[in-house]
Amino acid sequence: MRPVLVTRHGAVRGTTGPDGTACFKNIPYAAAPTGPLRFAPPRPPAAWDGIRDADAHGPTAPKAPYLPPMDRLIPEVDIPGEDFLNLNVWTPDPAGRLPVMVWLHGGAFSNGSGSVPGYDGTAFARDGVVLVTLNYRLGAHGFLYLGPEDTAPANLGLLDQIAALEWVRDTIASFGGDPDRVTVFGQSAGAMSIGALLAMPAAKGLFHRAVLQSGAAHHVLSPGSAARVGSRLAALLGVPPTRADLAAVAPQRLLAAQQRLRAEISARPDPALWGEAALNLMPFEPVVDGGTLPHPPIEAIADGTAADVEVLVGCTRDEFRLFTVPTGLAQLVTDDLLDSTAAAYGLPPQGVLAYRAAFPGATAGDLFAEIATDWFYRLPALRLAEARAGRGARAFVYEFAWQSPALGGGLGACHAADVPFVFDNLADPGFAALLGDTPPQHIADSMHAAWVAFATTGDPGWPAYREPERTVRLFGATPTLARAPREHLRALWDGVR
Numbered sequence: 061m062r063p064v065l066v067t068r069h070g071a072v073r074g075t076t077g078p079d080g081t082a083c084f085k086n087i088p089y090a091a092a093p094t095g096p097l098r099f100a101p102p103r104p105p106a107a108w109d110g111i112r113d114a115d116a117h118g119p120t121a122p123k124a125p126y127l128p129p130m131d132r133l134i135p136e137v138d139i140p141g142e143d144f145l146n147l148n149v150w151t152p153d154p155a156g157r158l159p160v161m162v163w164l165h166g167g168a169f170s171n172g173s174g175s176v177p178g179y180d181g182t183a184f185a186r187d188g189v190v191l192v193t194l195n196y197r198l199g200a201h202g203f204l205y206l207g208p209e210d211t212a213p214a215n216l217g218l219l220d221q222i223a224a225l226e227w228v229r230d231t232i233a234s235f236g237g238d239p240d241r242v243t244v245f246g247q248s249a250g251a252m253s254i255g256a257l258l259a260m261p262a263a264k265g266l267f268h269r270a271v272l273q274s275g276a277a278h279h280v281l282s283p284g285s286a287a288r289v290g291s292r293l294a295a296l297l298g299v300p301p302t303r304a305d306l307a308a309v310a311p312q313r314l315l316a317a318q319q320r321l322r323a324e325i326s327a328r329p330d331p332a333l334w335g336e337a338a339l340n341l342m343p344f345e346p347v348v349d350g351g352t353l354p355h356p357p358i359e360a361i362a363d364g365t366a367a368d369v370e371v372l373v374g375c376t377r378d379e380f381r382l383f384t385v386p387t388g389l390a391q392l393v394t395d396d397l398l399d400s401t402a403a404a405y406g407l408p409p410q411g412v413l414a415y416r417a418a419f420p421g422a423t424a425g426d427l428f429a430e431i432a433t434d435w436f437y438r439l440p441a442l443r444l445a446e447a448r449a450g451r452g453a454r455a456f457v458y459e460f461a462w463q464s465p466a467l468g469g470g471l472g473a474c475h476a477a478d479v480p481f482v483f484d485n486l487a488d489p490g491f492a493a494l495l496g497d498t499p500p501q502h503i504a505d506s507m508h509a510a511w512v513a514f515a516t517t518g519d520p521g522w523p524a525y526r527e528p529e530r531t532v533r534l535f536g537a538t539p540t541l542a543r544a545p546r547e548h549l550r551a552l553w554d555g556v557r
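Just so you know, we're using our numbering here: the sequence shown kicks off at 61 and counts up by one.
None of these hints come from the bench; they were simulated from the model.
Heads up, some of the hints might be wrong.
[What the hints assert, rightly or not] The list that follows gives simulated cross-link-like pairs (lysine to any residue, SDA-like), each with its CA atoms no further than 25 Å apart:
| hint | residue 1 | residue 2 |
| --- | --- | --- |
| 1 | LYS264 | THR211 |
| 2 | LYS264 | ASP519 |
| 3 | LYS264 | GLY450 |
| 4 | LYS264 | SER234 |
| 5 | LYS264 | ALA513 |
Working from the sequences, and respecting the hints, build out all of it.
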């Protein structure tokens, strides 16, 4: 017999897996963001009569597909439909009081969904966790900002995430979850979202622990940068820069304009034109609007915001190789491009020389990936841990170091390669192009267990990060603890990043 549970808005009928895990999919946590709600904060979903079937994934947020070669490397799901503010729950025991983990997917704030098969929560449920995945608004639908004269709230995608966390607070006990033990975890844009949530007043108290994978608290836009992006989007569409006018544009036409805008920024990544978006190439992302997000997250955290939330943060060793090797960019990087990129990041010429000395024999493309990995991912993770330690709060730091054999070994431990290990879903075919044929199960066992332990107890199994030790857990072929790895390179960025 299929399991039936009662939520605040109605009953849902899920499915039961061979191991006894109950799964409930496509549960609305907010009303469909259409019509007058398209560029408005999320509203509660309508209640329903009878029992709602929750046996299949629901619609996903509108998005353009990944372009080649990313479409072959990053798993993606596109399910059309308007009611896409939905979530999925896996539970081993609806009568329990178990720790809860809520997954926020990545995708540069423009792609991804909580319905990717690789995010199946069976392994977490097997190990005593109630697992939740969700969709949130993406691109301009989720992160449009038109300037201070626009009185509507910004950061709608983050407000969607908060609405889902409110649903968890109010409803997860019906699924066997403990609303007082909620861990939010995410990768890439999902982790950057968590960095913002840590600093958002509306998110306070909704989660108690946080895991940030390949993203932290640095990636936000200033109001000026975000307003320029919003105005240019409207210009590309030939409409005035107002929410009402943009709401009249068909979603697919809006997505096409987003793609054109991103191509413009990529072709001319000038900070004088685009501000922060020029360096991170994400035109739509959280904006420090002074309302929903009052202050830059890393500054708020350094001042003590969210000091009561326990944090696990880290990155993969070779993050940026995902963006340089499959695309061929690694072969196109010249010494001049390397130097100009480092300068744009604020790294002085002697810093580039230090990277050359640290990686003898490396090509300009290799060094480009090393420097970009540090600027985008490694330094934000370490700065978050440092900010926490400075306030007497714990943060645990990890690095995923297993070298994938895919693409002749060129990917290394690249961006997103850690996700199937965390979910203990190595066999999922969507990850095969990223991982190769035989990814090591023992690393998945180790990482997955650490994430479960952190969600359960607040301790992943290694010492918290603090000076001078700067302990980092390395998940490689042989998992080890490292003391202050790459310290001379980290120190180059002091006062810069």
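So, going through the hints one by one against the coordinates:
1. With a C-alpha separation of about 23 Å, the suggested pairing of LYS264 with THR211 holds against the 25 Å cut-off.
2. Our distance criterion of 25 Å between C-alpha atoms is met by LYS264 and ASP519, whose separation comes to about 21 Å.
3. The hinted pair formed by LYS264 and GLY450 meets the criterion: a straight-line CA distance of about 20 Å does not exceed 25 Å.
4. Proximity of LYS264 to SER234 is assessed by CA-CA distance (about 22 Å); at most 25 Å being required, the pair is judged to hold.
5. A hinted pair counts as satisfied when its Cα atoms are at most 25 Å apart, and LYS264 with ALA513 qualifies at roughly 23 Å.
When the structure is compared with the earlier hints, no violation turns up for any of them.
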